[in-house]
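Turn these sequences into a full structure, and let the hints steer you where they fit.
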Amino acid sequence: MEQKWQIGIDNLTQRREAAAAGGGAERVEKQHASGKLTARERMEALFDDGTFVEINDMIASRAIDFGMEKKKKPGDGVVTGYGMVHGRLTFASSQDFTVGGGSLGEAHARKICRAMDMAMDMKAPFVSVNDSGGARIEEGIDSLAGYADIFYRNTIASGVIPQISVILGPCAGGACYSPAICDYIFMTEKNSQMYITGPAVVKSVTGEVISSADLGGAAVHSATSGVAHFVYPDDLSCLNGVRQLLGYLPQNNEDASLTVPGTQVDACGTLTELVPADVKRAYDVRDVIAAFIDAGSFMEVQPDFARNIVVGFARLNGKTIGIIANQAAYMAGSLEINASDKGARFIRFCDCFNIPLLTLVDVPAFLPGSQQEHGGIIRHGAKMLFAYSEATVPKVSVIMRKAYGGAYIAMNSKGLGADIVYAWPIAEIAVMGASGAVAIIGKRAIEAAEDPDAKRQELIDGYNEKFMNPYVAAEHGYVDEVIHPSETKRKIVAAFNMLENKKKALPGKKHSNIPL
Amino acid sequence: MELDIDQIAVMAVAAIAEELQTDASNIRIVSFREVPRSALEQYVAERGISYKKYLLGAVTV
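Listed in order, the protein sequences are those of chains G and Z.
Numbering (our numbering) for the first sequence: 1 to 516.
Numbering (our numbering) for the second sequence: 1001 to 1061.
One should not assume that every hint holds.
[As the list claims (entries may be wrong)] Calculated cross-link-like contacts (lysine-lysine; reagent style DSS-like; alpha-carbon spacing at most 25 Å):
| hint | chain 1 | residue 1 | chain 2 | residue 2 |
| --- | --- | --- | --- | --- |
| 1 | G | LYS414 | G | LYS455 |
| 2 | G | LYS414 | G | LYS123 |
| 3 | Z | LYS1053 | G | LYS443 |
| 4 | G | LYS466 | G | LYS123 |
| 5 | G | LYS190 | Z | LYS1053 |
| 6 | G | LYS203 | G | LYS190 |
| 7 | G | LYS466 | G | LYS455 |
| 8 | G | LYS123 | G | LYS190 |
| 9 | Z | LYS1052 | G | LYS203 |
[What the hints assert, rightly or not] What follows is a set of in silico ranges between Cβ atoms, one per label pair, in the way DEER data are often shown:
| hint | chain 1 | residue 1 | chain 2 | residue 2 | range |
| --- | --- | --- | --- | --- | --- |
| 10 | G | TRP5 | Z | ASP1004 | 30 to 38 Å |
| 11 | G | ASN497 | Z | ASP1004 | 54 to 62 Å |
| 12 | G | THR13 | Z | ASP1004 | 49 to 57 Å |
| 13 | G | GLY318 | Z | ARG1037 | 29 to 37 Å |
| 14 | G | THR13 | Z | ARG1037 | 17 to 25 Å |
| 15 | Z | ASP1023 | G | THR13 | 29 to 37 Å |
| 16 | Z | GLU1018 | G | ASP214 | 53 to 61 Å |
The hints are simulated quantities; they were obtained by calculation from the structure and are not laboratory data.
Quick caveat, the model's predicted, so the values are computed rather than measured.
Beta carbons: idealized from backbone N, C-alpha and C, even for Gly.
Given below as structure tokens:
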């Protein structure tokens, strides 16, 4: 080999090694000691074995203020590239906390933006792994501009390609808004934090003393704020979770999800045992779901937030569906502010990405009370109505037990565009439950009666007989068919097969104006 | 179980012979290169972590 070749190759090898070293062995050791993987190890865990291709590995900061010219590192604190997940092209960025705390400067942001642009050009999902101290202060306004460039791309890509944020370290300040715009946020139990202002600022401004975990840890965001969708114990299980989720999703808004053959289940013969006929008795709707979906295929989204509604992805005969179900075991399955937000966002995601919707209805009402009214249940509940009405994917409902009032309408009723509505024979589809209805419409008769209690019971019995069944709704066309519970899977599969080629377009408009 | 290089080579030759439906004596090793563990493989091995990458269709009942 000629000497010039040798020099060139040695130089390349040296540079590659410098880029791959990240922040150096000591910092990598520290990263590992805190239970975290390095940025490149995370990419390896995310992608199919041996498929990850790095881009811009030698990009570096152009900043010179505050001694930055001496601190610059190849890669500028973020690893970006592409590879395969389940054999399908996926793009990703992974912030390297070992390099300048993963802080975001101009080059760092430009590198992420380039990967996002490529994902959009190739119509492939984008996964961003966050582990960063925030904006690189030394780069001033250019850091902030970098965030804005990312937020803009997140927004334009929304509804075109799936975007997933994985928080595996700190994510503070404005940095939180990229994950917030993405479709799904993953966190780990111990090492993830998200907050707009950290504990120190909170203390200085408000005097409140609070730990990082209590302010913005995974437990808070998965159960209280609803910011996070999935939580896992550590980096490896979390990135496996991302792989699992991507297995349900199409590559983009014009694509279909993969069909993944699994073990088919039809235990609908047990549904009459699983679901008590008495509407006041609780059951876990996830047992109902497990009775007909492919074995082990349910991936619940936000399982700890607004537990009165269950949403998630499942496979039915190998095909992805989105399920929205009232959870009778929690707050009787009523709809309130958080459940409405959770349900509406999931419906809109599925509609963006051509995932058919199955709705399992057992809803007593929108939750009453001043807390809900003052919190804006009108505005939030409207999101459910809006999301269902706007969704053009196949929409199938099964009314299992209660379906009362406005909440019945909100749960994919015929009027909101449900394609097929089934009801079980014990379903009660009415404006409200019998005792509430009789208290209003029978008030005078009860007051005038010699025996008010007997009169009340007589009116309740009459109301129950006349209205608390699925047949009035079936007669009026709001229910397509009253089905035996044991037929549930067969009917749902038949409906989705019939709807497979459904094409429905909304009127031309710039965009809708969902009540936010 | 740790295998030495000779054992690995024998197993590889046997697998290739089976794939090609020929006798192992017809297979000749021209070159052999040991691929080092990746950073992630090393991390997992050093800590004795039980880790299996999630694969589609790997769901078991």
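So, going through the hints one by one against the coordinates:
1. The straight-line distance between the Cα atoms of LYS414 (chain G) and LYS455 (chain G) is roughly 35 Å, outside the 25 Å bound, and the hint therefore fails.
2. Our distance criterion of 25 Å between C-alpha atoms is broken by LYS414 (chain G) and LYS123 (chain G), whose separation comes to about 34 Å.
3. For the given pair, LYS1053 (chain Z) sits about 64 Å from LYS443 (chain G) by alpha-carbon distance, which is inconsistent with the 25 Å threshold.
4. About 54 Å separates the Cα atoms of LYS466 (chain G) and LYS123 (chain G), which puts this hinted pair outside 25 Å; it is violated.
5. A threshold of 25 Å between alpha carbons decides the hint, and for LYS190 (chain G) with LYS1053 (chain Z) the separation of about 21 Å falls inside it, so the pair holds.
6. Distance hint between LYS203 (chain G) and LYS190 (chain G) is fulfilled; the C-alpha atoms sit about 22 Å from each other, no more than 25 Å.
7. Between LYS466 (chain G) and LYS455 (chain G) the CA atoms are separated by roughly 16 Å; this keeps the pair inside 25 Å, and the hint holds.
8. With a C-alpha separation of about 33 Å, the suggested pair LYS123 (chain G) and LYS190 (chain G) falls outside the 25 Å cut-off, and the hint is violated.
9. A distance of roughly 43 Å separates the Cα atoms of LYS1052 (chain Z) and LYS203 (chain G); the hinted pair therefore is violated under the 25 Å criterion.
10. Restraint check, TRP5 (chain G) to ASP1004 (chain Z): a C-beta distance of roughly 36 Å satisfies the suggested window 30 to 38 Å.
11. In this structure the hint that ASN497 (chain G) and ASP1004 (chain Z) lie 54 to 62 Å apart at CB holds, the actual value being about 56 Å.
12. Hint check: THR13 (chain G) to ASP1004 (chain Z), Cβ distance near 30 Å, so the stated range 49 to 57 Å is violated.
13. Hint check: GLY318 (chain G) to ARG1037 (chain Z), Cβ distance near 36 Å, so the stated range 29 to 37 Å holds.
14. A hinted range of 17 to 25 Å for the beta carbons of THR13 (chain G) and ARG1037 (chain Z) is consistent with their spacing of about 20 Å.
15. Look at ASP1023 (chain Z) against THR13 (chain G): about 42 Å separates their beta carbons, and that is not inside 29 to 37 Å.
16. Evaluation of the 53 to 61 Å hint for GLU1018 (chain Z) and ASP214 (chain G) yields a pass: the beta carbon distance comes to about 59 Å.
Checked against the numbered hints listed earlier, the structure breaks hints 1, 2, 3, 4, 8, 9, 12 and 15; every other hint is satisfied.
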